[in-house]
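Asks: Chains as they are written, first to last, in our numbering: chain A, 1 to 261; chain B, 1001 to 1392.
Just so you know, the hints here were simulated from the structure itself, not pulled from any lab data.
C-beta atoms are modelled at their ideal positions from N, C-alpha and C, and glycine is treated no differently.
It cannot be assumed that every hint is accurate.
[Claimed, not checked] Here are the simulated SDA-like cross-link-like pairs (lysine to any residue), alpha carbons at most 20 Å apart as the crow flies:
no., chain 1, residue 1, chain 2, residue 2
1, A, K192, B, V1169
2, A, K200, B, V1018
3, B, K1209, B, A1054
4, A, K192, B, G1152
5, A, K146, A, V240
6, A, K192, B, Q1376
7, A, K192, B, R1025
8, A, K48, B, E1312
9, B, K1277, A, V239
10, B, K1277, B, A1298
11, A, K200, A, A15
12, A, K192, B, Q1051
13, B, K1277, A, P172
14, B, K1277, A, R241
15, B, K1277, A, R137
16, B, K1277, A, E56
17, A, K146, A, G123
18, A, K192, B, P1064
19, A, K200, B, A1054
20, A, K48, A, V182
21, A, K192, B, V1018
22, A, K192, B, L1293
23, A, K192, B, A1054
[To be verified] Cβ-to-Cβ under 7 Å is the rule here; a few derived chain B residues that face chain A:
no., residue
24, T1023
25, L1027
26, D1029
27, L1052
28, E1066
29, D1073
30, S1168
31, V1169
32, M1172
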Amino acid sequence: MHIVVLTKPVPDPAAAAERLGPDLRLDRAASPAVVNGNDEYALEAALKLMEAHGGEVTILTMAPPNATDTMRKALAMGATRGVLVTDPALAGSCVRSTDEVLAAALRELTYDLVFSGFDTSDGNAGVVGAAIAARLRLPYLSNAAKIEPDPEAGVVRVRRITATGYDLLEAPMPALVVCTQVLGEPRYPSLKGIMAARSKEIATRSVADLGLEGAVGGAVATTAVLDSQKPASRGATRVVRGTAEDGAREIVELLESRRIV
Amino acid sequence: MVAVSTPPTDHRLTEEQVLLRDTVRELADARIAPRAAEIDRSGEFPDDIRQLLAEHDVLGLPFPAEHGGVGGDLLTICLAIEQIARACTTSSLILAVQDLGSLPLRLGGSPEQLARLVPRLASGEALICFGLTEPEAGSDGAAVRTRAVRDGDDYVINGTKRFITNGSVAGMVTVFAVTDPEAPRHRHLSCFVVEVPTPGFRVARLEHKMGIRGSPTAELEFQDVRVPATNRIGDEGDGWSLALRTFERSRPGIAAQAVGIAQGALEAATAYARERKQFGQRIGDFQMVGAMLADMAAQIEAARQLLYTACEVIEAGTPDAQRWAAMCKLVAGDTAMRVTTDAVQVLGGYGYIDEFPVERMMRDAKITQLYEGTQQIQRLVIARALLGRGRD
């Protein structure tokens, strides 16, 4: 069972230091980076399947060169190896470039499954997984709450969350699965895992390596950010203190006074 | 495809050390910090935290990978102790004493002894404590009275060890005992690993302490305790030298603990100063309070960088390791005491009650000025190194 997990470094939400550069692009030097939260859930799901079925987990990242920092954490959690697509030309890439690059990198890898997170906390487009599936003509299994591959039969079953409950989907492998947090909390890397991560390979690929020179990146972006606004301040916070009973009464009175309840 | 080398991050730390530090910090924030007040209040050894640290290989840090450990160097061990101490001093002592207690074995043990004893320690299944101090041998460690007498393939140990951290929860005790009362003062001691429980070994009492209350401080009694000679570390008479070499590597661990306590107190005080309002503004915006926070932060960073430098210098094999170990412990211990005292001051009356962690941190900080050599002993070591050998 070979699984490729798409992981992206994003600004650490805990640092709360996100800042836009003058070109309205995220200033990635302004904030420490972490593995995108939803990608860690996808990685955890992949690691559990690797533990159950054997095989390998490869993490695939498109990011600036220092992404090896965050990739190392994914390797410490247990991923087998990493592939980093990095190229100055990719700065300012739109979603179309991103999925084209990742699809090209995937064409060089062998896999039974590709996992993506539900979305990324910095981009929020939420379509990269679907676009890659379309480009590679892979079955697309979204909103996964449970993933059960059957390597012998060459199929994967996915429980897809719907508005009313679950759908049970089956698709031949290879397939692309969009993971959700229902799959389970990501693990902490063990310290032995951290020490072992040192010797794991992170291969790098450039746009030229993938044969995409001139076809992808900021220069040919299909979308541009024209303006960026912060949401309006919500006003002062009011903290209700006291016993649960008094607090509840006070909150209800407040909501009533504003005709919310 | 080209493999990427690992660039250094966080100034002097490797990518690996940063990841390890951050992992231990997340673990400490999520799983240890919420337990800290209860551990202090109950005064009970937190075996759940031992298990947690074992599960995540944290207790394997001091031990070589070939015997089931993680193979962390001195700085890496200190990074982990610092992060745990930031949340809970008692919990950080589980790692610090696993390191301390096993140092004579790691420094002087034979390949056979390492293979036999280390795996249980590296997995965290067994804890080990360090038995040097006695009622009459505190700062004057070489004044040990406990006797070990050779009898066939065994030694028979008699005596009492006092103030032994984690003494009642350890499965192994590293004991220093007199094997030759006639030998010159620093050749009279030998070092043994005693596997307990064993006949004649008894935990005589546990101390009631001001801080590190979840870490049992035990008086251990040895009455005709038989130890196989195969558990003697090094040769007869090597005991004192092993103890001194141990302190070169264990005092930085206490310095790391002190830096961690101070950092925890600074964070608590800063959070409070940001939220607490008096006279219509955040108290941190009053210059007198802001200045205290600034001094705390600067002092902590100075202590931390001295500690990290000491770790690197000691790991590199300096002949002046005793002085470096003493200097970082001295500075960090005094910093922890000053910073936690100021943190209580920033919180005012709230700093004095156990609803906030700073009073606990202040009580815990005090021990870092006392154990593994009082601050006075550290100064003595430093001064002797300066006067005796000149500067390095």
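Asks: Against each hint, give a clear statement of whether it holds in the structure.
Replies: Each hint, compared with the structure:
1. A:K192 x B:V1169: violated, 25 Å
2. A:K200 x B:V1018: holds, 17 Å
3. B:K1209 x B:A1054: Judged against 20 Å, a Cα distance of about 26 Å means the pair is violated.
4. A:K192 x B:G1152: Measuring from Cα to Cα gives roughly 42 Å; hence the hint is violated.
5. A:K146 x A:V240: Not OK: A:K146 and A:V240 at ~40 Å, beyond 20 Å, violated.
6. A:K192 x B:Q1376: violated, 38 Å
7. A:K192 x B:R1025: holds, 16 Å
8. A:K48 x B:E1312: Judged against 20 Å, a Cα distance of about 38 Å means the pair is violated.
9. B:K1277 x A:V239: Since the Cα atoms of B:K1277 and A:V239 sit roughly 13 Å apart, the hinted pair holds (cutoff 20 Å).
10. B:K1277 x B:A1298: violated, 25 Å
11. A:K200 x A:A15: This hinted pair is violated, its Cα atoms lying about 28 Å apart.
12. A:K192 x B:Q1051: holds, 16 Å
13. B:K1277 x A:P172: Since the Cα atoms of B:K1277 and A:P172 sit roughly 62 Å apart, the hinted pair is violated (cutoff 20 Å).
14. B:K1277 x A:R241: holds, 16 Å
15. B:K1277 x A:R137: violated, 60 Å
16. B:K1277 x A:E56: Status violated; Cα separation ~55 Å.
17. A:K146 x A:G123: Violated, at about 25 Å.
18. A:K192 x B:P1064: Holds. A:K192 to B:P1064 sits at ~11 Å (cutoff 20 Å).
19. A:K200 x B:A1054: At roughly 24 Å apart (the allowed maximum being 20 Å), B:A1054 and A:K200 break the hint.
20. A:K48 x A:V182: holds, 14 Å
21. A:K192 x B:V1018: holds, 14 Å
22. A:K192 x B:L1293: Violated. A:K192 to B:L1293 sits at ~37 Å, over the 20 Å cutoff.
23. A:K192 x B:A1054: Holds: A:K192 and B:A1054 sit about 11 Å apart, inside 20 Å.
24. T1023: holds, 5 Å
25. L1027: holds, 6 Å
26. D1029: violated, 10 Å
27. L1052: Hint violated; B:L1052 Cβ to chain A Cβ min 10 Å, cut 7 Å.
28. E1066: violated, 13 Å
29. D1073: violated, 11 Å
30. S1168: Violated, because the Cβ-Cβ distance from B:S1168 to chain A comes to roughly 27 Å (cut-off 7 Å).
31. V1169: violated, 22 Å
32. M1172: violated, 22 Å
Of the numbered hints stated above, those contradicted by the structure are hints 1, 3, 4, 5, 6, 8, 10, 11, 13, 15, 16, 17, 19, 22, 26, 27, 28, 29, 30, 31, 32, listed in ascending order.
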